[in-house]
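Model the full assembly from the supplied sequences, consistent with the hints where possible.
Number of protein chains: 2
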Amino acid sequence: MSIHFRRQTEKLKKMVLTLGGMVEQALRDAINSLDQRDPELAQRVIRGDRQINSTEVEIEEECLATLALHQPVAFDLRYLIAILKMCNDLERIGDLAVNVAEQAKFLCSEEEIMHVPYDLTAMASRAQMMLKNALDALVNVDTTLAEGVRAADRQVDAIYREMFELIEAAMRENPHQLTQLIHYLQIGRQIERLADHAVNIAEDVLYLSNGEFFKKNAGDENDTIGRIGHA
Amino acid sequence: MSIHFRRQTEKLKKMVLTLGGMVEQALRDAINSLDQRDPELAQRVIRGDRQINSTEVEIEEECLATLALHQPVAFDLRYLIAILKMCNDLERIGDLAVNVAEQAKFLCSEEEIMHVPYDLTAMASRAQMMLKNALDALVNVDTTLAEGVRAADRQVDAIYREMFELIEAAMRENPHQLTQLIHYLQIGRQIERLADHAVNIAEDVLYLSNGEFFKKNAGDENDTIGRIGHA
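Chains Z and C supply the protein sequences, listed in that same order.
Per my numbering, the very first residue in the first sequence carries number 10; after that it's consecutive.
Per my numbering, the very first residue in the second sequence carries number 10; after that it's consecutive.
Don't take each hint at face value.
Identical chains blur together in the list; that is why a pair holds if it fits in one copy or across any two.
Stated by the list, open to error - Here are the computed lysine to any residue pairs in the SDA-like style, where the Cα-Cα straight-line distance is at most 20 Å:
| hint | residue 1 | residue 2 |
| --- | --- | --- |
| 1 | Lys94 | Glu70 |
| 2 | Lys20 | Ser63 |
| 3 | Lys141 | Glu156 |
| 4 | Lys94 | Leu73 |
| 5 | Lys23 | Val150 |
| 6 | Lys94 | Thr64 |
Hints in this document: simulated from the structure, not taken from any laboratory.
Right, here's the structure in full:
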């Protein structure tokens, strides 16, 4: 690897981590805006998405320029492609944070849910930890950490299934808060999807380190989440 | 462009169209399994996802080999990267078809919804048309067709908003069918997301033809869909 190429990949790595930090912050703010019933904070997340999108585009352009200039092969080529894919996942996590913020903003304008049947913040913390670990795994090309992210996904799926059932029961008990509860359920679904994107990033790290593809198989027959709430 | 490289991109284009065809079929079967209350057909979609995933991996490998061997620049480089991104979207559309199939399978095991408040098949047809047009736009690098796909997305979003309100009303009127109606709503949401992926593909075609990025801005303040139902 030439010194110039090494410098370039270091630069790209930093750019990806910056993007990762922006996305983590957006997610944290979106959850806080829900917790604190703060529509201005939610609005800030919504506005901030443009910057996340433009940062993703910048990284993609940088990757393409690096590919054209250095024409890497083997590990180096895979590394650049992994970065491209990772950015795509980060940008989508940013979109999910916006979705959460939009729903939080809506919920702020409605009567507060009296008996929130589920601790969404705890679920979000777990997904946030997965995202953080996936990014750390990238920095150190740490496959153990990446494997841990894959394992954690099953827990988040299980949490979402439980949440689905509790909210459905709450809908029956409090039909006057049906609208709010649908939104609450949808926020849970965003977080569950977000965890899936963290898994994608972890899988890119695994792919990078050993050249194999790991695909989360949505059609896995042991995966029963779809039955009770894939939205 | 060398003859060998041209042959290789023709091969890749065919592979992408094959993947596109598989995904279109999966989606059609998933919707039919819901319409006809056919759990076996739904199960076939779920099982078929493995093949979609492995085809995506094959195309990615072929793209990487082509990048390493031919080290293309300018349009040719962008073309290969566009194919990589497109495959990713197609694979995700395949996952959405699996989600629809899983929910259809669940709904087959429950009491039939008496007054289905919305024509989901019509909504699905529109999204399927967007997917078909996006793939055709790729084949001919047809920017007019690609622009049309972007425009159609607003219609699908509007349809989903209307659906959301009708189903919410139905939930109030028929609380004994709450579970089924939640699933029905979630299927609508899958179709709305699927249309977003068709837009991504169309944007890849636009990117390809003029080197500019077009990002659907999830934080667009004129986009009110999040307020009423981003899940």
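So, going through the hints one by one against the coordinates:
no.: 1; hint: Lys94 - Glu70; result: both (13 Å within a copy, 14 Å between copies)
no.: 2; hint: Lys20 - Ser63; result: within (17 Å within a copy, 33 Å between copies)
no.: 3; hint: Lys141 - Glu156; result: within (13 Å within a copy, 37 Å between copies)
no.: 4; hint: Lys94 - Leu73; result: both (13 Å within a copy, 13 Å between copies)
no.: 5; hint: Lys23 - Val150; result: within (14 Å within a copy, 34 Å between copies)
no.: 6; hint: Lys94 - Thr64; result: both (14 Å within a copy, 17 Å between copies)
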